[in-house]
Amino acid sequence: MTTVVSKDENTGSPYALSHLDALESEAVHIFREVAGEFERPVILFSGGKDSIVMLHLALKAFAPAAVPFSLLHVDTGHNFPEVLEYRDRAVAEHGLRLHVASVQEYIDDGRLRERPDGTRNPLQTVPLTEAIRAHRFDAVFGGGRRDEEKARAKERVFSLRDEFSQWDPRRQRPELWQLYNGRHAPGEHVRVFPLSNWTELDVWQYIAREEIELPGIYFAHERPVFSRAGMWLTAGEWGGPKEDEPVETRLVRYRTVGDMSCTGAVDSDATTLDAVITEIAASRLTERGATRADDKMSEAAMEDRKREGYF
Amino acid sequence: MTVTNGLLSEQLSATTLLRFATAGSVDDGKSTLVGRLLHDSKSVLTDQLEAVERASLGRGQDTPDLALLTDGLRAEREQGITIDVAYRYFATPARRFILADTPGHVQYTRNMVTGASTAELAVVLVDARNGVVEQTRRHAAVAALLRVPHVVLAVNKMDLVEYAEPVFAAIAEEFTAYASQLDVPEITAIPISALAGDNVVEPSSRMDWYGGPTVLEHLETVPVSHDLTGCPGRFPVQYVIRPQTALHPDYRGYAGQIASGALRVGEAVTVLPSGRTSTISGIDVLGRETDIAWAPQSVTVRLDDDLDISRGDLIAPSATAPATTQDVVATVCHVADRPLLVGQRVLLKHTTRTVKAIVKEIPSRLTLDDLSQHPNPGELVANDIGRVVVRTAEPLALDSYEESRRTGSFLLIDPADGTTLAAGMAGESFSAAATAVVDADEGWDF
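These protein sequence lines map, in sequence, to chains A and B.
Just so we're aligned: 185 in full-length UniProt numbering is position 185 of the first sequence, and the numbers increase by one with no gaps anywhere.
Just so we're aligned: 95 in full-length UniProt numbering is position 95 of the second sequence, and the numbers increase by one with no gaps anywhere.
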């Protein structure tokens with residue numbers, strides 16, 4: 001039971017926390033605030049790296065007890081099989097409860113209509129908000145980070161949503177010190193973003209430090225892809241490629257994991273965590289700019305989707 | 001802003017973190033400064049810059065408008081003003097930064113309070129042509145009130161005053177005189193042109209008379225205080241962890257984030273407000289056992305005795321335990337659109353504890369122009385800063401804000417709909433407030 005105290009060069013203080021320790025401590029504080037103040041919280045879990053880090057933090061925050069939240073996955077029907085497999089394994093391993101809101105079911109029974117461009121990401125909003133209402137979730141954890149996009153940079157850690165799940169950037173509560181105000185009326189809920197202050201690089205460095213397992217698609221592998229709007233999309237039953245979109249096998253990896261129809265792979269030979277970190281540190285493209293078609297639709301694409309209830 | 005070009009991960013993880021806030025009046029060029037800082041420190045990535053170039057071109061501008069990097073909302077771009085606080089992230093080889101980019105418009109002064117509440121440094125922007133104006137004084141006072149340790153005065157648009165030293169010197173002198181009245185611990189004045197890039201990241205060749213650091217150099221080298229550990233130990237209990245499993249049938253841990261100071265195994269502690277005492281038998285840092293932990297670590301503390309302890313209690317070393325009180329004297333910044341009235345019933349959230357409370361008195365309201373106190377205003381409206389006396393239904397273990405930003409701060413909340421009404425800082429006085437009392441109700445326009 002010894003404590004290693006490292007001296008910080010800048011301050012001479014033996015008690016300075018490393019950057020990652022400070023972020024981890026803050027995120028755990030946020031998880032515990034929600035556990036202490038809400039009745040029915042849920043973690044949005046997609047099997048992507050941010051939600052995997054969220055789950056890891058939640059497991060640490062309540063150890064040796066179980067995580068006092070269930071998980072909610074909004075399944076677009078176009079998910080990567082590796083990611084679904086990871087999701088189910090994580091749920092089984094930690095004895096968690098998983099709710100699935102299925103976009104495919106909504107399309108099949110006519111409650112949602114497929115978009116002409118085939119992108120299902122915007123279609124997630126309705127199943128998400130209806131699942132929140134049906135289960136009466138009052139706090140919904142999302143893995144959103146403020147470094148992702150400029151509308152997200154405006155997001156609070158505790159973000160109040162009205163009964164329609166809408167975000168109104170002009171009516172956000174001031175968020176002062178670490179005093180998060182989770183008060184809400186019946187029907188309203190709070191979106192909570194424990195990774196708000198993390199960057200993509202922080203997430204990867206934390207994954208490396210904590211030796212967290214990820215789905216294989218985050219590392220370079222050979223994959224049949226085709227080019228659309230400057231991105232490498234995975235060929236598959238979801239609807240690609242079209243006739244004039246030739247398929248080729250390339251060495252690629254994913255920086256984000258979302259709907260197959262709008263999440264692009266990047267050319268990469270990074271097969272290890274260290275290689276991925278080095279690659280990201282040198283990249284001149286943002287995570288979303290490189291790989292997300294849905295954000296390119298307009299200058300305010302993210303803001304507009306968030307207003308409607310997207311996370 | 002995710003990454004910095006060419007940095008190795010080991011270098012990045014060794015750096016420290018500085019949280020800072022920017023403030024400036026409308027049209028002082030704050031968004032341009034932030035854009036310049038991000039752009040020249042190579043924290044803007046290709047796709048972001050392309051988006052800005054595209055948007056600028058689409059509006060008929062021939063150079064990229066760097067303000068577009070930060071104005072993230074439709075309404076902000078339409079009006080060319082910053083409405084809400086945005087948080088931005090960038091890194092240099094020396095340090096990582098979290099920037100709270102706060103609006104300067106009078107209507108949004110509360111957002112500067114939001115940004116300053118967690119900042120260790122504030123950049124106050126001034127237009128060199130206008131000098132120190134009312135908003136400048138307001139921003140300096142808010143930074144002082146929130147006890148932001150370092151203040152930078154960035155005198156912008158030096159290109160429009162022919163880079164003249166006397167212009168800069170006069171503004172710096174006036175500001176320093178005002179800010180030292182407020183007990184701002186450290187002031188650094190820097191002449192810049194955010195538009196042309198002088199002294200933001202690169203030293204200016206047009207201001208040879210200036211021998212100080214650029215804005216970025218200063219941000220990289222200003223000492224970050226981690227001296228929370230020198231303060232008395234304070235541990236607000238967030239949540240009780242009781243697994244009740246075969247493996248851990250008797251585990252009972254108090255989870256929370258250490259607000260200040262350090263906790264040690266074997267230390268005698270007092271639980272407030274009950275006043276019961278025990279000894280720390282174990283500390284777990286997220287699953288790993290340790291014998292000492294300090295702020296701001298999130299930990300779980302175990303005690304020798306099975307006491308009745310729940311969320312909202314405060315555990316502190318018995319030797320330095322705080323007193324409890326039901327009469328809170330504080331300075332508040334009113335952040336809601338509806339007023340705060342004498343006699344109003346509210347909720348008070350302090351650390352992890354939320355209690356019923358009533359506003360007993362509003363002894364004065366502060367005028368930021370001359371730091372005078374307006375007596376008994378009866379109410380505080382949006383963006384007012386004033387003194388209050390609040391009576392709580394239960395005792396609170398409250399420190400003065402001067403001693404601890406974490407355990408001396410609180411929120412007043414409307415019990416009806418949960419609206420955050422005011423940001424509170426406990427303690428006898430806004431230390432530097434002048435004692436002069438004015439009778440007339442002039443100049444209270446904010």
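Heads up, some of the hints might be wrong.
As the list claims (entries may be wrong) - Lysine to aspartate or glutamate pairs mimicking DMTMM-like chemistry, simulated, CA-CA at most 25 Å apart:
{"#": "1", "chain 1": "A", "residue 1": "Lys-60", "chain 2": "B", "residue 2": "Asp-304"}
{"#": "2", "chain 1": "A", "residue 1": "Lys-60", "chain 2": "A", "residue 2": "Glu-39"}
{"#": "3", "chain 1": "A", "residue 1": "Lys-60", "chain 2": "B", "residue 2": "Asp-284"}
{"#": "4", "chain 1": "A", "residue 1": "Lys-60", "chain 2": "B", "residue 2": "Glu-379"}
{"#": "5", "chain 1": "B", "residue 1": "Lys-356", "chain 2": "B", "residue 2": "Glu-379"}
{"#": "6", "chain 1": "A", "residue 1": "Lys-60", "chain 2": "A", "residue 2": "Glu-210"}
{"#": "7", "chain 1": "B", "residue 1": "Lys-356", "chain 2": "B", "residue 2": "Asp-304"}
{"#": "8", "chain 1": "B", "residue 1": "Lys-356", "chain 2": "B", "residue 2": "Asp-284"}
{"#": "9", "chain 1": "A", "residue 1": "Lys-60", "chain 2": "A", "residue 2": "Glu-211"}
{"#": "10", "chain 1": "A", "residue 1": "Lys-60", "chain 2": "B", "residue 2": "Asp-306"}
{"#": "11", "chain 1": "B", "residue 1": "Lys-42", "chain 2": "A", "residue 2": "Glu-188"}
{"#": "12", "chain 1": "B", "residue 1": "Lys-42", "chain 2": "A", "residue 2": "Glu-211"}
{"#": "13", "chain 1": "B", "residue 1": "Lys-356", "chain 2": "A", "residue 2": "Glu-39"}
{"#": "14", "chain 1": "B", "residue 1": "Lys-356", "chain 2": "A", "residue 2": "Asp-138"}
{"#": "15", "chain 1": "A", "residue 1": "Lys-60", "chain 2": "B", "residue 2": "Asp-291"}
{"#": "16", "chain 1": "B", "residue 1": "Lys-356", "chain 2": "A", "residue 2": "Asp-274"}
{"#": "17", "chain 1": "A", "residue 1": "Lys-60", "chain 2": "B", "residue 2": "Asp-370"}
{"#": "18", "chain 1": "B", "residue 1": "Lys-42", "chain 2": "B", "residue 2": "Glu-134"}
{"#": "19", "chain 1": "B", "residue 1": "Lys-42", "chain 2": "A", "residue 2": "Glu-210"}
Claimed, not checked - Only part of the chain B face toward chain A is listed, based on derived beta-carbon distances under 10 Å:
{"#": "20", "residue": "Thr-46"}
{"#": "21", "residue": "Trp-209"}
{"#": "22", "residue": "Gly-212"}
{"#": "23", "residue": "Asp-284"}
{"#": "24", "residue": "Val-285"}
{"#": "25", "residue": "Cys-333"}
{"#": "26", "residue": "Val-335"}
{"#": "27", "residue": "Arg-405"}
Keep in mind the hints are simulated off the structure, nothing from the lab.
Glycine included, each C-beta is placed from N, C-alpha and C at the ideal position.
Do the hints match the structure? See the list:
At roughly 23 Å between alpha-carbon atoms, Lys-60(A) and Asp-304(B) fall within 25 Å of each other, so this suggested pair holds. Restraint check for Lys-60(A) and Glu-39(A): the C-alpha separation of about 20 Å stays at or below 25 Å, so the hint holds. Using a Cα cut-off of 25 Å, the hinted pair Lys-60(A) and Asp-284(B) holds, with the two alpha carbons roughly 10 Å apart. With a C-alpha separation of about 45 Å, the suggested pairing of Lys-60(A) with Glu-379(B) is violated against the 25 Å cut-off.
Our distance criterion of 25 Å between C-alpha atoms is met by Lys-356(B) and Glu-379(B), whose separation comes to about 19 Å. As the CA atoms of Lys-60(A) and Glu-210(A) are separated by approximately 11 Å, the hinted pair is consistent with the 25 Å bound. Proposed proximity of Lys-356(B) and Asp-304(B) is contradicted: the alpha carbons are some 32 Å apart, above 25 Å. A hinted pair counts as satisfied when its Cα atoms are at most 25 Å apart, and Lys-356(B) with Asp-284(B) does not qualify at roughly 33 Å.
Of the pairs offered as hints, the one joining Lys-60(A) and Glu-211(A) holds, with about 14 Å between alpha carbons and a cut-off of 25 Å not exceeded. For the hint linking Lys-60(A) to Asp-306(B), the alpha-carbon distance of about 24 Å falls within 25 Å, and the restraint holds. With a C-alpha separation of about 41 Å, the suggested pair Lys-42(B) and Glu-188(A) falls outside the 25 Å cut-off, and the hint is violated. Of the supplied pair hints, the one linking Lys-42(B) and Glu-211(A) is violated, its CA atoms being roughly 30 Å apart against a limit of 25 Å.
Taking the CA atoms of Lys-356(B) and Glu-39(A), the gap is about 20 Å. The hint holds against a cut of 25 Å. Using a Cα cut-off of 25 Å, the hinted pair Lys-356(B) and Asp-138(A) holds, with the two alpha carbons roughly 22 Å apart. Straight-line distance between C-alpha atoms of Lys-60(A) and Asp-291(B) comes to about 18 Å, which keeps the hinted pair within the 25 Å bound. Proximity of Lys-356(B) to Asp-274(A) is assessed by CA-CA distance (about 52 Å); at most 25 Å being required, the pair is judged violated.
A C-alpha spacing of about 50 Å is found between Lys-60(A) and Asp-370(B), which places the hinted pair above 25 Å, so the restraint is violated. Annotation: proposed proximity of Lys-42(B) to Glu-134(B) is violated, straight-line Cα distance about 34 Å (limit 25 Å). The straight-line distance between the Cα atoms of Lys-42(B) and Glu-210(A) is roughly 29 Å, outside the 25 Å bound, and the hint therefore fails. With its C-beta approaching chain A no nearer than about 4 Å, Thr-46(B) sits inside the 10 Å limit, and its interface hint holds.
Nearest Cβ of chain A to the Cβ of Trp-209(B): about 30 Å, over the 10 Å cut. The hint is violated. With 10 Å as the threshold, the beta carbon of Gly-212(B) stays out of range of chain A, its nearest partner Cβ sitting at about 20 Å, so the hint is violated. Using the Cβ-Cβ criterion of 10 Å, the hint placing Asp-284(B) at the interface with chain A is satisfied: the shortest such distance is roughly 8 Å. Hint status for Val-285(B) relative to chain A: holds, with the closest Cβ pair at about 9 Å, below 10 Å.
Given the 10 Å rule on beta carbons, the hint for Cys-333(B) holds: about 9 Å separates it from the nearest Cβ of chain A. A cut of 10 Å between beta carbons decides the hint on Val-335(B): the least distance to chain A is about 5 Å, and the hint holds. Interface restraint check for Arg-405(B): the shortest CB-CB distance to chain A comes to about 7 Å, inside 10 Å, so the restraint holds.
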